[in-house]
Amino acid sequence: MIKSLKKALLLIPAYILILLSGCVIGVLLYMLYYNTTGLVAGKPLQLFNIHALYAGFFVIAPIVIMLSGGILSCYRIRHSKGGFLPVLMFILLGAAAWGVVYPSFIQFKSRFATAVTPEKTALTPGYFRRAGSTVVYVPVSPLAVHAVVINEAAAPDAALSLQKISVVEPVLDASPFKDILIRDTIPVMPGWILQGFADIEMRAEQAWNSGYVSWLCFASFGLALFSSYALTFCSQWRLVDVIYLCVMQSGILSFNLLYYSGYARPVRAYAEQVLSRIKFVPPLDEPLLVCVNVFSSLVFICVGAAAALTQMKTNRRRSI
Amino acid sequence: MKRVLQILFGYVVFCFCLCLAAGFFTGTVPELLERSVRSYRLYAGLRYFCLILPAVALTGFTVGCAVSFGRNPEGSFMRFSPAMFQRYGHIMVVGLVCSFILTCTAEIGTPLLVSRQSQLAQMPKRVREYVRIGNASYDSGNPGLAFQYAQLAVKLDPKSRDALELSSKAELPQKTNVKPDIPDMVPEISSGVSEEGYSVSTLRKKAEEAYAKGNWFDAHYYAETGIAVASAKDTNVEPLKQTAAAAWNKLSQSEKPAETEDERIYKQKLEGYKTLMDGDNLKAYYIFRTLSQQSRALSVDPDVVRYLNLAGKRVAAESFFIDETFNVQEFENAGNVYFSLHRADGSVDVVYIKGVTAVKGSDGMVQYLRGLSIVSTDKDGTFLRSMHVEYAKLIEVPVSDLDKDTVVSLGLDPDVTSVPYLLLRSVDRDTEGVAAMPQYEYADKQGAADEVQMILPLSYDDFELLLEASAGPELMTIPSIFRFTGKAVRYGFSEEVFEQIMLNRSLYPLFILLIFILAAGFAWNYRIGEKLMFKTVWVAVFPIFSVVAYLLFKSAEWLYKLFNYVILGAAGTQSALAAGCGVYVGVLILVSLVFLSRNSADAA
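First to last, the sequence lines map onto chains A and B.
Per my numbering, the very first residue in the first sequence carries number 1; after that it's consecutive.
Per my numbering, the very first residue in the second sequence carries number 321; after that it's consecutive.
If we strip away everything but chain A, and leave its shape as in the complex, we get:
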């Protein structure tokens, strides 16, 4: 019992550590990525940027909260056993994360978040940069609008010329980086991931501001994420448990990211139309999403509980 209680209590500092370290590492990575996107060939890389660090916290913290359930589950798989108390503590921590930590963060964000305006760095002259189907070489200064333009698709005698160009063109091509030369060497983080998390975060804020029912509907996402832990009782090999967990967490995350993206708009509209005919559904925000999240949670919990009970019985039989 004491061992079980100890294991359960240890989950609290472990979870705090997961949240803190996740935020610190995530914010530092965000800052590095932000600084690299601002890097221009021929100019030094800014290693530390307090504004990016501050803004990064508001981007990274909700992602860490969303992923913390999976990381805490991995910790539980590694330090398994201990009876029901650690499981109860896991449930409490999940409830705290989505019932206290996340709403507190939203309130904190609404008071302190400020948008970072990226510094305007001019492109350096003397480099060949791709701009659409052409390559541009600005010989002197980025402000000079005359550039040597190489049009690889043109006839040989018209391929190289001195032209007036729009300075904005190479900059737009490089987005989200400032310099296309740098962008070509780092795979751009897929826009749908960042946009997806941003959409979820926006939904979270809307749900919190719309009242507790809306928040509970949104929190069904958290319920699905945390309840995937139940599947880790299905196998006796911890590595296989981790794989189950990864697959389920990715599935839930992908579904929610996709649901909020533009691709799922027709499905959402259709589902809303169908579900509006059912009496108890209308008060729910995004009823299809809530139903899928809650249903998956129930499946995870039932499968996990059944597996845990079977395992317990087998262990008892073996001990007899």
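It should be emphasised that the hints constitute simulated quantities derived from the structure, not laboratory data.
One or more hints might be untrue.
As the list claims (entries may be wrong) - One side only, chain B facing chain A, incomplete, derived with CB under 10 Å:
| id | residue |
| --- | --- |
| 1 | Ala386 |
| 2 | Ile428 |
| 3 | Val695 |
| 4 | Thr702 |
| 5 | Ser706 |
| 6 | Glu816 |
| 7 | Phe842 |
| 8 | Gly849 |
| 9 | Met853 |
| 10 | Phe854 |
| 11 | Tyr885 |
| 12 | Val886 |
| 13 | Leu888 |
Unchecked claim - With a straight-line Cα cutoff of 16 Å, these simulated EDC-like cross-link-like pairs (lysine to aspartate or glutamate) come out:
| id | chain 1 | residue 1 | chain 2 | residue 2 |
| --- | --- | --- | --- | --- |
| 14 | B | Lys633 | B | Glu644 |
| 15 | A | Lys164 | B | Asp700 |
| 16 | A | Lys43 | B | Glu815 |
| 17 | A | Lys109 | A | Glu205 |
| 18 | B | Lys561 | B | Glu544 |
| 19 | B | Lys479 | B | Glu354 |
| 20 | B | Lys881 | A | Glu205 |
| 21 | B | Lys699 | B | Asp733 |
| 22 | B | Lys807 | B | Asp733 |
What the hints assert, rightly or not - Just some of the chain A residues that point at chain B, by a computed CB distance under 10 Å:
| id | residue |
| --- | --- |
| 23 | Gly132 |
| 24 | His146 |
| 25 | Ser161 |
| 26 | Ile165 |
| 27 | Asp179 |
| 28 | Glu201 |
| 29 | Met202 |
| 30 | Glu205 |
| 31 | Ile243 |
We put the beta carbon where it would ideally sit given N, CA and C, even for glycine.
Got chain A; can you put chain B on it based on the hints?
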């Protein structure tokens, strides 16, 4: 260790077979020769395998370690136990081998497969091109060349009906129609001795011998050449002058209205010779070329052969023949090459070459540059001049052959040993007046002369590096990137980009090793129970693990590339490689300590 290798090897072989099957049965193939389809699909399968190999190897290694550690967890109750050190030794060996194989796959395997596939895809086009050129050669009365092209086409596609037809129709005539070999005309730049390599005393001897034999052309030529290459204090100069004058008198005495055919030919030879001596090599070439083609007797006439050869050599040093560039476009080895050249006065030349074909000549490599364009701006970015030529011929010329003023005006580094020398004018081999000239445009034409030869102010090695760089730094060899990085800015390329890619590729083995040690630590944490029965159904989870491993590996690679920029930003381009090595070795030590600190206190 044995179990790790069994699982790793077994899983890799399984995935290898799967990839080969995927290569053979999925995906579309471009237009290929019938016999290439199988090879193309094999390469496609191997490419799939190279793509997923890191994830597959990681899966096999992690699962293998998790099983191996789980079955034998003894001796690790305490942190940093001897048993853990022993395990560390084993995983280090496997990690190093995997790192080596994965690096070879990324650096050699994938680029090689891509190039092989592209070669196979090019084959039908090449066969068609060989047959087309062969037919054209046959129609223009050159069955020997047609036969050679037919043979090339048959070698690539033995079943090609067109190639076989061409081969059979060109075979017989080419055996009966053997043309005398025309020596390759390679430009030479004088270096104290004559073009033929004779010293002044030898030239004097030859001039006197030719005079004695009544061969006034040779006597005058050797004497004039001797005077040209001799120093002012040379004692041979005076006798050479006397011989030259005497031979010239003899040549002039023969100048009278041509009455007979021999006299007419002599007059033409004399005109050609005078033109050659006046320095109009191209005109002299056409005179002797016309003479040579007039009759079989004239084509072997010693004077005609000799001075046609000499004029040809001189022409080759200042221009090239248009027919040299026929059919070279199909065999280009670099395309869309561009770079900038900064002059000492602050002006900039931007050079663009549409395509480059390297051809092995008798005196080394010759490069034909298609669509060469140069735009020059002054230090304020204002247009100065532009030049465009359809084809240019580039040869490597030692700096020692250039005079001091030229070297100074080019602003070459002292360590430059050879430079690219461009011939911009191409002429017809037979017809006088048919020439392709470079087209110049000037902001201010005053005093500017259209050049038909040009020396690019960079070393020939750098030019070759620029050709490599045109395909992108990812396809350059690591030694080439290493040599090019410091010079990149000079030619309009980003030093940071080349340095970062060099870091990415040079430190890749260390990065892979790090990932494998981390995976071993993970495998220890999630190892199988000591007495737990292995269930067959778990094998089905391995491919899912591979998918997760692939995504994690790609994320780690992304972070790795990002960190390399940080290393570059912190350490600077000069010492980034050393700093990168230091950082990753530091992380490796840290990760190793994490692994060694594992114990079995909380075993399942």
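We went through each hint and held it up to the structure:
no. : hint                : result
1   : Ala386              : holds (5 Å)
2   : Ile428              : violated (21 Å)
3   : Val695              : holds (5 Å)
4   : Thr702              : holds (8 Å)
5   : Ser706              : holds (7 Å)
6   : Glu816              : holds (6 Å)
7   : Phe842              : holds (8 Å)
8   : Gly849              : holds (6 Å)
9   : Met853              : holds (9 Å)
10  : Phe854              : holds (8 Å)
11  : Tyr885              : holds (5 Å)
12  : Val886              : holds (6 Å)
13  : Leu888              : holds (7 Å)
14  : B/Lys633 / B/Glu644 : holds (15 Å)
15  : A/Lys164 / B/Asp700 : holds (15 Å)
16  : A/Lys43 / B/Glu815  : holds (11 Å)
17  : A/Lys109 / A/Glu205 : holds (10 Å)
18  : B/Lys561 / B/Glu544 : holds (7 Å)
19  : B/Lys479 / B/Glu354 : holds (9 Å)
20  : B/Lys881 / A/Glu205 : violated (34 Å)
21  : B/Lys699 / B/Asp733 : violated (21 Å)
22  : B/Lys807 / B/Asp733 : holds (12 Å)
23  : Gly132              : violated (15 Å)
24  : His146              : holds (6 Å)
25  : Ser161              : holds (7 Å)
26  : Ile165              : violated (12 Å)
27  : Asp179              : holds (8 Å)
28  : Glu201              : violated (21 Å)
29  : Met202              : violated (25 Å)
30  : Glu205              : violated (27 Å)
31  : Ile243              : holds (5 Å)
Going through the hint list in order, the structure does not satisfy hints 2, 20, 21, 23, 26, 28, 29, 30.
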